[in-house]
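Peer 1: Protein chains in written order, with our numbering: chain A, 5 to 311; chain R, 548 to 844; chain G, 216 to 753.
Just so you know, these hints were derived from the structure itself, not from any lab.
It is possible that some hints are incorrect.
[To be verified] BS3-like mimics (lysine-lysine), calculated; alpha carbons at most 25 Å apart, straight line:
| hint | chain 1 | residue 1 | chain 2 | residue 2 |
| --- | --- | --- | --- | --- |
| 1 | G | Lys494 | G | Lys610 |
| 2 | A | Lys216 | A | Lys103 |
| 3 | G | Lys359 | A | Lys51 |
| 4 | G | Lys356 | A | Lys51 |
| 5 | G | Lys441 | A | Lys103 |
| 6 | G | Lys419 | G | Lys561 |
| 7 | G | Lys583 | G | Lys571 |
| 8 | G | Lys419 | G | Lys441 |
| 9 | G | Lys518 | G | Lys583 |
Listed below, chain by chain, are the residues.
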Amino acid sequence: MIAFVARRVLIAIPTMLVIITIAFFMMRVAPGGPFDQERQLTPQIEKNILAAYDLDQPLPLQYVRYLTGVLQGDFGPSFKYRDFTVTELLLTGFPPSLKVGGLAMLLAIAIGIALGTIAALRQNSALDHAVMATAMTGIAIPNFVMAPLLTLVFGVFLGWLPVAGWGGGALRNILLPVIALALPQIAYIARLTRASMIETLGANFIRTARAKGLREQIVVTRHALKGALLPVVSYLGPASAQLISGSLVIEQIFGIPGIGRYFIQGALNRDYTLVMGTVIVYALLILILNLIVDILYGYLDPKVKPS
Amino acid sequence: MSSRAELGQVEPGGAAARSLAQDAWRRLRQNKAAMVSMAILAVIALLAIAAPLLSPHPLGEVYWDRIQMPPDFENAHWFGTDGNGRDLFIRTLYGGRISLMVGILATLVSLVIGVSYGAIAGYVGGRVDDLMMRIVDIIYALPFTFFVIILMVVFGRQIFLIFVAIGAVEWLTMARIVRGQTLSIKNREFVEAARAAGVSSAAIIRRHIVPNLLGPVVVYMTLTIPQVILLESLLSFLGLGVQEPLTSWGVLISEGAETMEAAPWMLIFPAILLALTLFSFNFIGDGLRDALDPKDR
Amino acid sequence: MTTHSPSRRARSLCRAAAGLLTATAICLLAAAPLSAAELRIANSGEPDSLDPHHTSGIWESRILRDMFMGLTTEAADASVIPGAAESWTVSDDGLAYTFIIRDHAWSDGTPVTADDFVYSLQRILLPETAAEYASLLYTIKNAKALNEGTITDAGELGVKAIDAKTLEITLEYPAPYFLELLTHQTAYPVPRHKIEEFGDDWIKAGNLVGNGAYVLEEWVPNTHVKLVKDETFYDAANVAIDSIVFYPAEERNAATKQFRAGEIDIQFDFASEQIDWLKENLPDETRISPWLGSYYYTINTTKPPFDDVRVRQALAMSIDRAAITDKVLKTGELPGYSFVPPNAGKYGEPAYVDWKDTPYEQRVQQAKDLLAEAGFGPDRPLEFQLRYNTSENHKKIAIAVAAMWKQLGVQAELFNAEVKVHYNDLQEGNFEVARAGWIADYNDPQNFLYLMEGDTGANNYSRFDNADYNDFMNQSDVETDPAKRNELMHQAEAIAMAEMPNIPIYYYVSKNLVAKQVAGWVDNTADKHPSRYLSIVE
């Protein structure tokens, strides 16, 4: 196991390098620059600004400089938010995204697996259809509709919770965004759990366990669920990375100071260094979470050996 | 997990496959939820195809004196009109064409790439698996917005790019799921038996691995459809998706969400059609999964 | 929170939440002690920077206006009044301004001197500062040369401190709008002693000092910027509000909901989709007022057939502007028949297109004739792309305009792109007809008309280069007599309206929500509302 993890950490280094390299040049190929705007700059002023950010240097040189900086933990200045470095923006933005996204994911895992299991145990019954249909509303109503609806009902009409605002991350401020983020995930997890649970419940080893006279509850929670979670866990790796790194829509609607906005807005602003920062954060999350998933495989199904 | 091979069949293209398909279809027909869903989906698809025959209004026609009007039966605006005075009934149906097409085609693209890629990585294992999965990680991490912008610069605005752009990201999770299942299945007795019998790797993947991971694949496929349909509206924002006067459900719903209180009809009708479609796909997916599940037989 | 409404709100909250588990927590939070008057503002974006020399956005200017004060400053109605300068004299040729600096101090107590202004104006113009908006100050003698690096001695800039309290500014050419220009953030003084002490970090809370009514308390990125009243401000006695919180509120529909829930007091620039609902439900809070800006379609005059004035005029004439403003936008915008909006500075009535009062049907017929003369008709329809940057309103207008052009047999294909690609295409000339807009930096027609001068460069998207037009504009730059200057600019604009490189569509309006308890708000064409004049009443 330790050797497996060590090897993956080693492989992560070239992987990160490839990601940084491709992302760096990809951004520069795209038309438009950080200082293109409705009010165009005079050529001389544009030159001054490009010089101030070293953007007038040859691209390979910029790349080498950037890479050297990253190795020293310096992600450079943001082109858009000129008073902050990318490191500052990511460090202040990541905790809120992690908090909201992480809570949403935990909520979704708990509810999703429970609903999926219940539905699987009563396959094709009215209960199954009712549970699945409820879970489905989370997908059928996109979050850019769900989030304003929630704020309208609980914030404006009922006045129970703030419409928006971070409030230092207080429960009353993050309740609605966590729910809005968790709803579609509940549906995903519940459906995957249901499908794979039904298959597992029919498998030989479950039949054996039942034949041995184990209580149904134990059969389900100890034996069936473990085997059934494999595809759910596969899904959770990338899904958690996405949730933890924040959501533009949710962050803007609820005024959460997270990093989710930087992924799309950073790209739209051509804030090269900020986008690179988000790419690196996201890549690390993906690598780490997919590593955890691969380790979990071995636990969920002892026949899967880490290669 | 049980296996079709254990029960002694699965030869795609052969007689067994045909009977398997017939068998599956027979059982799918017994699934009421799935059959009702298929009927609903068929109706929606028919409406979308027959759209121009169903409304007196052409797609892009602007009615200056009927801007943002609620449903109005006198003038045959059954879903009301939008902020430009265009009939929403016809727009919603045309939007359905785009969304259904994008939803189904892009999902199929992601299915084909994801299943073959994931099965190969999982089955071959070792360094190949490592390399293939790191490539998946790399693609996950690359900034999607720039990818889309560059696609447009290189190829111009073409409808097939929508599938390329969406397909390029949506197959990744499918591949991860398929690979995970494959890792588990490949160590089962029946796969080892086939290997011992000298069956080629390609044949094992095709005959023994893939049929046994269809359950989660079918379900995840139906979950991909909503993602794809909504992702299309982001592409429209960037200029790659559908261009006016054409539209899609994703675009209509995001427009409707802005006027939720002042003009709820702009949101409600496309949202209901989208929801009906997604529900239908998911019950069909569940039905398909059940029908393809060998152990129930 | 404000002193008044929260307690009311807290009570109703407690009633509504009674019986709920969360009730206690909510009531505790909502009923927290309220001491000072706080103004909560939904700004329309996260500031790029709080360094006045590194900003160009309207949302930054709202924050900076409360923290800094130029030589001149805005009254509640945005008219120009003495600011850091208590008085001034102007030479007869309009080129030399002598300012007497007011006896006042930075928020750390250090006196503000004429040297601070010399330092600040040099700083923004030095190339290494890389100030995006430095070009606004090019009216000052040698400013352009310094900014472009053709002179390197900042001492040659036309800004001199005669003594600690006397500042002299010399201009390149008489600019009647100069006093107003000085209210702009580019002309704010910045604290030399703090910049030298902290370097780039001088804008951090705790380091930053200003000479305005408020001082920075904290800035949490993407959360809020909080300012508190600066007791050293020269007119602090007349400042009523104790603290101001600016929320970035990028999602404007969400901010409107916050406004309705009483979480904010002022929302700048609400989303126009909300207008029907707002007019019906919040008529008193909805503040719509003419704003000095033009929304227009720019035509690439170098690309055939758009090098043909008949084609350009036909496209311009066949747009029913009233239908767009009254039926599509509905937010009180006025149909645009000139490039300069009415009432810019002392310009009076702008030079309108000569078909302004021709009935629409007749104009459509004339447009058809013009297109036919240019060689287009049913056999050879005019086809092109109409570009706009992605936004709900731009899309709606493009759809409407394309429908109007359809009557002429013109087939305009709509083509949207995100904002960077859009403006990149405009700059590169990679377009045929495209959406653009301009909001005035200062209240003078020259700020609009220079956009069509041949040597303007990037902002002249249409690539219009007309010798007579350039001539009139150059003459107006050096004309000291206001009436003659107006006349010259009118002549220039008349040429532009006849040649039609840019099709005016409408004049902008400002769209704000102001809570009833906010007093002292004055609607104005500059849409500038310094918080020092506002107060909160029960």
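Peer 1: Could you run down the list of hints and mark each one as holding or not?
Peer 2: Now the hints, each set against the structure:
1. Lys494/G x Lys610/G: It holds: about 23 Å lies between the C-alpha atoms, which stays within 25 Å.
2. Lys216/A x Lys103/A: 44 Å, violated
3. Lys359/G x Lys51/A: Given pair Lys359/G, Lys51/A holds - Cα atoms ~14 Å apart, limit 25 Å.
4. Lys356/G x Lys51/A: 22 Å, holds
5. Lys441/G x Lys103/A: With a Cα-Cα distance of about 24 Å, the restraint between Lys441/G and Lys103/A holds, given a limit of 25 Å.
6. Lys419/G x Lys561/G: Violated, at roughly 40 Å.
7. Lys583/G x Lys571/G: 17 Å, holds
8. Lys419/G x Lys441/G: Given that 25 Å is the threshold and the Cα spacing comes to 12 Å, the pair holds.
9. Lys518/G x Lys583/G: 21 Å, holds
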